Amino acid sequence: MPASAAPSTPQQYLQSLSRWHPIEIAFWLATLTPFLLFPTYLSLASQIAVAALFALSLDLILGYAGIVSLGHAAFFGIGAYTAGLFSKFVWGEPLSGLLVATAMAALVGYASSFIVARFRHLTLIMITLGLGLLLAEAANSAGWLTGGSDGLQGVDIWPLLGLFKFDLYGTTAYAYSLSVLFVVFLMARRLINSPFGLALRGIRENWVRMPAIGADSRSHIRKVYTISAGVAGIAGAVIAQTTSTVSLEALSFERSADVLVMLVLGGAGRLYGGLVGAAIFMIARDQFSGIAPQFWYFWIGILLIAVVMLLPNGILGGLSKILARWRGR
Amino acid sequence: MLPPVLGVLFDGIAYGMLLFLLSVGLSVTLGLMNFVNLAHCAFAMLGGYVTVTLMNVLHWPFFATLPLAFLIAAAASVAFERTLYRRLYRASDLDQVLLTIGIAFVSVAVAAWFFGTTQQPVDMPAYMRGSFNVLGLNIAAYRLFLVGVGVAVTVALIGALEYTRFGAQVRAAVDNQRMASGLGINVDLTFAITFALGSGLAGLGGALAIEIVGLDPNFAFTYLVYVLIIVSVGGLGSIAGSFAAACLIGISDIAGKYYVPELGAFLIYLVMVVVLMWRPAGLFGKR
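Protein chains in written order, with this note's numbering: chain A, 1 to 329; chain B, 1 to 287.
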């Protein structure tokens, strides 16, 4: 943020928040490089974009509103299963499937937001965990609909816009997931730099006092939880459509835990935190699990301990601290 | 002749006692320090592996290994408490969750490295393997033993907490930490001892659990969910609450698996969500 143009009115302050920084533009240009430099890694790149989208959705509630959720995979799974079932029973056109899946996840998010907005702290963590596990068990039991532990069979996605097939190389997949990520990111950026976003940060800092200055904490939490559920649903729908498979793994506790790790690794409460964390997490997992899959979690554990002990605001938080110190000299 | 439902009830209570041993330590430390220790079951797993190692490598009898399972788990937990945990007492819930999940992840990988990912075998003494018949009900000796241990631990804990000087200090610290330290109670030391005791009980629970549920590196996460359910349903810092919740969850789980197997674990998650929505602080919780 340039110190010279100190904002004098609220409008100017909000505008100064939403100005594009050159590093941001460079970041988004860098996301295009896999097409040219790593054409064999495009399907990994597509998975990274989906993970980033999912981490972004968690950031909206955890990083900005301070709601710790251990069951966020519920909405990812709802999006994935809705998109898969839609292609199986209605038609395989991807964009309409994406919209339906988003609406479905947001609807369930809205329904559960009434529960979530009532609780704080450990009870909240346990309620989100419980609802997530409940849904995973329900999907496992409803084998006639979801295919149970065998995964959903018969997902058939038509070519994107009628032109581009989702092929094995992942070119279409990455282009699709990256565009979705970018569009959702723009919306999230707009949301966070709005008065609503400021109110959310206020709620994160003090849940009791915000209503006193006219921002009802519960109704704000309900809104952001619904939005976050919708975004998680988009992420789930994209992974279902680009891989043409949906399994119970989409709803699992591991997925909820992984996305939390990604977000915290990158830095919660920063728009790019989830994106950077997802990229590092997914690339590291791809590299490590080639060597010895079961020891991947050893390094994740060490990484988590190190981040909590040494970098309380994640990698981006650490970087910006170093940058600030360097500038201060 | 007794109806078979009593047999299910008995198995449920025996299973509940196991869950109680695994969770009571976490309940007390959570109530005392508000420290969310998701690595609690890693200490239980350590107790289990101590017993397996002593029995299979050094050929100790099963019962001789139990005190060591308790002691080693307690000692390991104190080492972690002194080096890592105590720096995060004032930190947010999220930081505590992340640190302890990290430790649990590492423990899973370390256990897989030393012992492999397969289930560990244990040889129970012959008199523990049998079962006897009470009015048409088949009572397994080991499960009866578990119920005995669970009741004994509960009585000992409640007695120690209600009628000793140390217990009064723990209760004071749970109720109001600042007031307690103002009265000259060393809250840090009280917490360290309680923490060691709780982790030790988890280690004992882990050792006793092998015969019922087996032992593999995923133990630290599989039973974490159960333990968290019991702690939050029972209410933080309440021994009677943990006991009641462990029985409730144990019976629901066994009865669910027996009568409606297609529901799987659905039932206990449902019980948890309903109880928490009805009473957010748990059945016996004060806050």
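Check each hint, because a few of them may be wrong.
[To be verified] In silico contact screen, one side only, chain A against chain B (beta carbon under 8 angstroms); selected entries:
id	residue
1	Leu29
2	Ala30
3	Leu134
4	Val264
5	Phe295
6	Phe298
7	Ile305
8	Val308
9	Leu310
10	Asn313
11	Ile315
12	Ser320
Rather than coming from a laboratory, the hints here were simulated on the basis of the structure.
Values in this document were obtained by computation on a predicted structure and should not be read as measured data.
Yeah, the Cβ is synthetic: ideal placement off N, Cα and C, and Gly gets one too.
A quick look at each hint next to the structure:
1. Against a cut-off of 8 angstroms between C-beta atoms, the interface hint on Leu29 of chain A is violated, since the closest Cβ of chain B lies about 32 angstroms away.
2. Because the smallest distance between the Cβ of Ala30 of chain A and any Cβ of chain B comes to about 28 angstroms, over 8 angstroms, the interface hint for this residue is violated.
3. A hinted interface residue such as Leu134 of chain A counts as satisfied when its beta carbon comes closer than 8 angstroms to some beta carbon of chain B; here the least separation is about 4 angstroms, so the hint holds.
4. Against a cut-off of 8 angstroms between C-beta atoms, the interface hint on Val264 of chain A holds, since the closest Cβ of chain B lies about 6 angstroms away.
5. Interface hint at Phe295 of chain A: satisfied, since its Cβ lies 5 angstroms from the closest Cβ of chain B, which is below the 8 angstroms cut-off.
6. This hint holds: Phe298 of chain A has a C-beta 3 angstroms from the nearest C-beta of chain B, less than the 8 angstroms allowed.
7. Against a cut-off of 8 angstroms between C-beta atoms, the interface hint on Ile305 of chain A holds, since the closest Cβ of chain B lies about 4 angstroms away.
8. Using the Cβ-Cβ criterion of 8 angstroms, the hint placing Val308 of chain A at the interface with chain B is satisfied: the shortest such distance is roughly 4 angstroms.
9. The beta carbon of Leu310 of chain A is not positioned within 8 angstroms of any beta carbon in chain B (closest approach about 11 angstroms), and the interface hint is therefore violated.
10. Because the closest C-beta pair between Asn313 of chain A and chain B is about 11 angstroms apart, greater than 8 angstroms, the hint is violated.
11. Here the hint on Ile315 of chain A is broken, as its CB sits about 14 angstroms from the closest CB of chain B, past 8 angstroms.
12. Look at Ser320 of chain A: its Cβ only gets to about 19 angstroms from chain B, farther than 8 angstroms, so that hint breaks.
Consistency note: the structure conflicts with the earlier hints numbered 1, 2, 9, 10, 11 and 12.
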